[in-house]
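Trainee: Residue-level listing of the chains:
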Amino acid sequence: MAAKAKEKKAVTAAQATGLQKVAINMRKYWQIYILLIPALIWYIIFAYYPMAGLQLAFKTYKAKIGIWGSPWCGFQNFEAVFRDMYFWRSVGRTLLINFGRLIINFPAPILLALMLNELRVGKYKKVMQTVYTFPHFLSWVIVASIMTNLLSIDGLVNSALSAMGLSTVNFLGSESLFQPMLYITDIWKSAGYSSIIYLSAISGIDQDQYEAAEIDGATRWQRIWHVTLPNILPTISVLFIMTTGNLMTAGFDQIFNISNAATKNVAEVLDMYIYRITFTASTDFGFSTAVSLFRSIINMTLLVIANKGSKMMGGTGLFG
Amino acid sequence: MKSRKLFALLMAAMMAASLASCNSAEETSEPAEDPGSTTSSESSTPAESSTPASTKTDSGVLAATTDVTAEDILARDYSEPITISFAGIQVTDGLDYNHGSEYYEWWTETFNVTWDITSLTFDNWVERMNTWINADDLPDWSVWNFTPGDAANYADQGLVMEMPDGWKEEYPNLAAAATCTPANEYYENLYGGMYYFFRPVFANNFPADTITSHISLFMRTDLAEEAGYDLTENIETNTISLTEFIEYMQAIKDAGLMEYPWYDLSGSIGQAIDRVSGCAGVLGSAYYKGDDGMYHWGPAEESSGIKEALRQIKGAYDGGLLYPEFYTLQEPDDAGHFYAAGDAAATMESGMAAYFDRYEQNMQQNLGLSFWDTSDVFILTDDEGISHEQPSTNYWACNILSPYLDEAKYERLMSIWDYGCTEEGQLRIRLGVPDVDWKYDENGEIVVTLEEQGYATLEEKYTSCYPITGNMFILSDDYSFINPGFTKQARDKVADMYTKRAEITSSRDQEPDWDLLSYSSQALNLASMTYSDEYSNIITKSGDFDTNYDQWVSDKMSMIQPVLDELNEAFGSAE
Numbered sequence: 001m002a003a004k005a006k007e008k009k010a011v012t013a014a015q016a017t018g019l020q021k022v023a024i025n026m027r028k029y030w031q032i033y034i035l036l037i038p039a040l041i042w043y044i045i046f047a048y049y050p051m052a053g054l055q056l057a058f059k060t061y062k063a064k065i066g067i068w069g070s071p072w073c074g075f076q077n078f079e080a081v082f083r084d085m086y087f088w089r090s091v092g093r094t095l096l097i098n099f100g101r102l103i104i105n106f107p108a109p110i111l112l113a114l115m116l117n118e119l120r121v122g123k124y125k126k127v128m129q130t131v132y133t134f135p136h137f138l139s140w141v142i143v144a145s146i147m148t149n150l151l152s153i154d155g156l157v158n159s160a161l162s163a164m165g166l167s168t169v170n171f172l173g174s175e176s177l178f179q180p181m182l183y184i185t186d187i188w189k190s191a192g193y194s195s196i197i198y199l200s201a202i203s204g205i206d207q208d209q210y211e212a213a214e215i216d217g218a219t220r221w222q223r224i225w226h227v228t229l230p231n232i233l234p235t236i237s238v239l240f241i242m243t244t245g246n247l248m249t250a251g252f253d254q255i256f257n258i259s260n261a262a263t264k265n266v267a268e269v270l271d272m273y274i275y276r277i278t279f280t281a282s283t284d285f286g287f288s289t290a291v292s293l294f295r296s297i298i299n300m301t302l303l304v305i306a307n308k309g310s311k312m313m314g315g316t317g318l319f320g
Numbered sequence: 001m002k003s004r005k006l007f008a009l010l011m012a013a014m015m016a017a018s019l020a021s022c023n024s025a026e027e028t029s030e031p032a033e034d035p036g037s038t039t040s041s042e043s044s045t046p047a048e049s050s051t052p053a054s055t056k057t058d059s060g061v062l063a064a065t066t067d068v069t070a071e072d073i074l075a076r077d078y079s080e081p082i083t084i085s086f087a088g089i090q091v092t093d094g095l096d097y098n099h100g101s102e103y104y105e106w107w108t109e110t111f112n113v114t115w116d117i118t119s120l121t122f123d124n125w126v127e128r129m130n131t132w133i134n135a136d137d138l139p140d141w142s143v144w145n146f147t148p149g150d151a152a153n154y155a156d157q158g159l160v161m162e163m164p165d166g167w168k169e170e171y172p173n174l175a176a177a178a179t180c181t182p183a184n185e186y187y188e189n190l191y192g193g194m195y196y197f198f199r200p201v202f203a204n205n206f207p208a209d210t211i212t213s214h215i216s217l218f219m220r221t222d223l224a225e226e227a228g229y230d231l232t233e234n235i236e237t238n239t240i241s242l243t244e245f246i247e248y249m250q251a252i253k254d255a256g257l258m259e260y261p262w263y264d265l266s267g268s269i270g271q272a273i274d275r276v277s278g279c280a281g282v283l284g285s286a287y288y289k290g291d292d293g294m295y296h297w298g299p300a301e302e303s304s305g306i307k308e309a310l311r312q313i314k315g316a317y318d319g320g321l322l323y324p325e326f327y328t329l330q331e332p333d334d335a336g337h338f339y340a341a342g343d344a345a346a347t348m349e350s351g352m353a354a355y356f357d358r359y360e361q362n363m364q365q366n367l368g369l370s371f372w373d374t375s376d377v378f379i380l381t382d383d384e385g386i387s388h389e390q391p392s393t394n395y396w397a398c399n400i401l402s403p404y405l406d407e408a409k410y411e412r413l414m415s416i417w418d419y420g421c422t423e424e425g426q427l428r429i430r431l432g433v434p435d436v437d438w439k440y441d442e443n444g445e446i447v448v449t450l451e452e453q454g455y456a457t458l459e460e461k462y463t464s465c466y467p468i469t470g471n472m473f474i475l476s477d478d479y480s481f482i483n484p485g486f487t488k489q490a491r492d493k494v495a496d497m498y499t500k501r502a503e504i505t506s507s508r509d510q511e512p513d514w515d516l517l518s519y520s521s522q523a524l525n526l527a528s529m530t531y532s533d534e535y536s537n538i539i540t541k542s543g544d545f546d547t548n549y550d551q552w553v554s555d556k557m558s559m560i561q562p563v564l565d566e567l568n569e570a571f572g573s574a575e
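If you're matching them up, the sequences are chains A and W in order.
Oh and the first sequence: position 80 is 80 in my numbering, straight run, nothing missing.
Oh and the second sequence: position 411 is 411 in my numbering, straight run, nothing missing.
What the hints contain is simulated information worked out from the structure, not anything from laboratory work.
Note that the Cβ used here is the ideal one computed from N, Cα and C, for glycine as well.
It is possible that some hints are incorrect.
[To be verified] Between beta-carbon pairs, the in silico distance windows are:
#	chain 1	residue 1	chain 2	residue 2	range
1	W	D93	A	M313	50 to 56 Å
2	A	Y124	W	E259	44 to 50 Å
3	A	L150	W	D93	27 to 33 Å
4	A	T60	W	D435	55 to 61 Å
Can you build the whole structure from these sequences, using the hints too?
Mentor: Quick look at the structure:
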């Protein structure tokens with residue numbers, strides 16, 4: 001009788017699909033699911049509940065009666081946003097800068113991780129890793145200040161150029177150099193830190209694969225290409241999808257600190273636009289929320305597309 | 001010492017007469033002081049450097065009484081200890097504003113109050129104040145950088161406290177001081193109640209019959225002489241046109257004395273353009289009402305002179321007269337090049353006594369030169385000799401109170417403000433502790449004893465005296481004109497410059513355009529921009545200037561035109 005019941009239960013578990021499967025898993029691994037509760041609460045309080053504030057995009061905010069009580073204004077805020085030529089320009093500029101980041105900056109930590117992994121002297125490897133990771137902990141204010149000292153007309157680089165009899169370059173005030181400067185400083189500051197996740201993925205690769213490749217006569221390049229890269233591809237896919245989901249966010253701190261009056265025309269990305277509208281004029285939370293909501297929707301759409309694309313190409317999606 | 005007594009006597013007389021000059025309706029057409037006869041000066045505080053340009057001194061005067069004396073205020077019952085939260089800029093983080101200073105303890109002990117202070121910076125001031133107000137979570141007392149669009153909204157929603165009926169009678173000294181800036185009366189009428197206490201820049205000591213901006217051009221006159229450029233007439237009048245200024249720099253460069261004679265920040269370039277163009281910006285904009293009664297946008301009007309001024313400065317930039325990366329300079333980099341590195345011949349700077357003294361001290365220390373022997377200050381004008389600016393509203397930022405302030409806190413705070421506006425209060429704020437930092441001699445004259453104690457200024461002795469009391473309501477600029485802490489030479493220079501500026505300013509006999517100043521709309525928000533950055537961008541742009549400028553104007557007009565349409569519909573009066 002007991003064996004019959006056990007058989008019935010096993011059949012049910014095997015046949016279960018979707019929610020049923022989740023419920024069965026939850027019953028089976030309930031201790032692990034309990035561990036998830038604090039994180040879940042955090043997300044509900046700090047991520048999902050504040051999303052209710054997005055309704056401000058369709059309201060005229062009245063502080064005294066709060067977000068929920070403020071009167072609806074339909075699509076009035078969006079109409080004002082979409083009518084503004086500078087909004088569309090900032091959207092275009094944000095996408096342009098971020099597509100460039102995707103092509104130039106995204107591979108940088110992967111390459112760095114691969115290079116660091118190839119270092120054979122353990123101590124040297126650790127020193128290098130520390131050196132590359134350190135800039136991540138500097139604020140953009142500091143980085144901008146270092147840049148000014150290095151690249152100004154009487155800075156280190158231009159002084160060196162002058163000493164060599166070469167003409168000086170207006171690095172800080174050139175509109176055409178602004179975008180490359182963003183990429184270079186971003187790589188300098190972030191590549192080391194971002195490479196940690198790839199190094200960790202690399203460290204998880206089964207060493208037998210390398211040994212087998214070595215026995216088969218694979219060169220170092222071939223080992224990287226045929227063993228390391230395929231093994232960290234799932235990590236690359238996930239991070240690529242997440243980066244794509246941030247294409248409408250261009251890094252306010254970096255651009256705010258690096259831009260100046262001479263480069264302002266190429267520096268007004270969406271975040272700078274929101275800042276200008278919000279803090280150099282009267283406060284309009286409805287308008288700002290409308291811009292933010294628009295950005296989030298585009299980001300979400302891009303994320304879903306990238307996720308689907310990754311799966312279609314046989315790669316890994318965000319959810320497996 | 002004798003001169004100190006004289007200053008002190010003058011100051012006491014001025015203070016006695018001053019509030020009355022603000023009070024009395026009969027005296028409104030007279031300036032509070034004859035700037036020519038004062039030995040005035042200014043201190044260097046952030047408040048001053050941000051002070052807006054000027055207004056006529058006789059505007060906005062309410063009839064009020066000062067029946068309530070300082071003694072009356074001090075005789076009130078303050079037995080219940082009270083803690084008042086305060087948020088403001090210019091507060092030093094970590095400094096104890098309640099204890100450790102005889103100066104400060106008098107206030108906290110007499111009024112039985114403890115300050116709970118939140119320090120704001122210029123960077124986070126606007127953002128944090130707007131966040132707190134919109135969260136309906138204001139500290140008891142805050143200093144707010146007034147913006148008309150938000151102000152109307154906040155008053156309408158009751159997010160800031162409206163003064164109860166009878167406050168002017170209850171606190172007449174404060175009410176009298178409030179009349180020194182026309183903004184208080186204007187916005188009280190506009191919003192149907194007193195929500196914002198606009199803090200007067202000048203209340204007791206007006207530097208001239210028309211208050212003007214103190215921003216001046218600091219220039220090396222010795223280099224002009226060396227380069228063979230004659231500045232004699234300019235030195236006489238302390239004025240220089242933009243054309244002359246560029247010629248002066250060219251002469252210095254041609255003589256090989258400086259690589260880049262002019263070092264200035266992007267913001268200062270904007271101010272230079274304001275001074276020489278016919279539509280100096282109102283609150284950072286460039287809208288103005290023309291003779292046709294309609295509103296215009298300065299950059300789009302040839303007659304405003306903005307384009308020509310920009311063309312001249314662009315020429316100076318391309319010709320290597322202006323530091324090539326001026327847009328990267330941060331205050332006080334520009335001044336440093338003038339008085340420390342010595343590789344700048346000119347820079348725009350606050351024309352205050354403290355700055356003159358600072359330049360003198362730094363030039364002596366770093367260059368072994370005397371500022372007074374080698375340099376002078378000039379008012380930048382257009383080619384007609386006019387220095388352009390908007391009529392001032394004579395205020396800088398405003399005090400606001402939490403709508404949830406209870407009666408006890410309200411009464412205590414208002415009493416403190418009221419006392420601070422009395423003659424006795426002002427003496428205590430500006431001169432320090434009576435019988436310690438200053439005293440009356442046998443002739444009843446004030447004698448300042450700070451120097452005997454080894455201090456040059458009150459701020460040096462009492463680090464914490466600023467800003468809670470110093471800028472409690474009447475700003476410190478007001479007293480600085482007679483502050484004996486600065487050299488006589490510097491004070492005299494400031495007074496002289498104010499007098500000269502008042503004679504050539506375009507704002508003379510002009511009233512502020514309140515319609516424009518108090519206007520707000522979504523279109524205006526969308527058209528907001530930092531004009532000095534826009535101008536700097538045009539200056540640094542390569543290619544044909546006219547093409548770049550016209551392109552910029554046509555580009556901006558898409559967002560400017562809706563604002564002009566709104567303004568003209570509301571306030572335009574086409575003839």
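Trainee: Hint by hint, note whether the structure agrees.
Mentor: Comparing the hints with the structure gives:
Here the CB-CB span from W/D93 to A/M313 is close to 54 Å, well matched to the stated 50 to 56 Å. The hint said 44 to 50 Å for the Cβ distance between A/Y124 and W/E259, and at roughly 45 Å that hint holds. Under the hint 27 to 33 Å, the C-beta atoms of A/L150 and W/D93, about 31 Å apart, fit the expected range. A/T60 and W/D435 have their C-beta atoms about 58 Å apart, which keeps the hinted 55 to 61 Å range intact.
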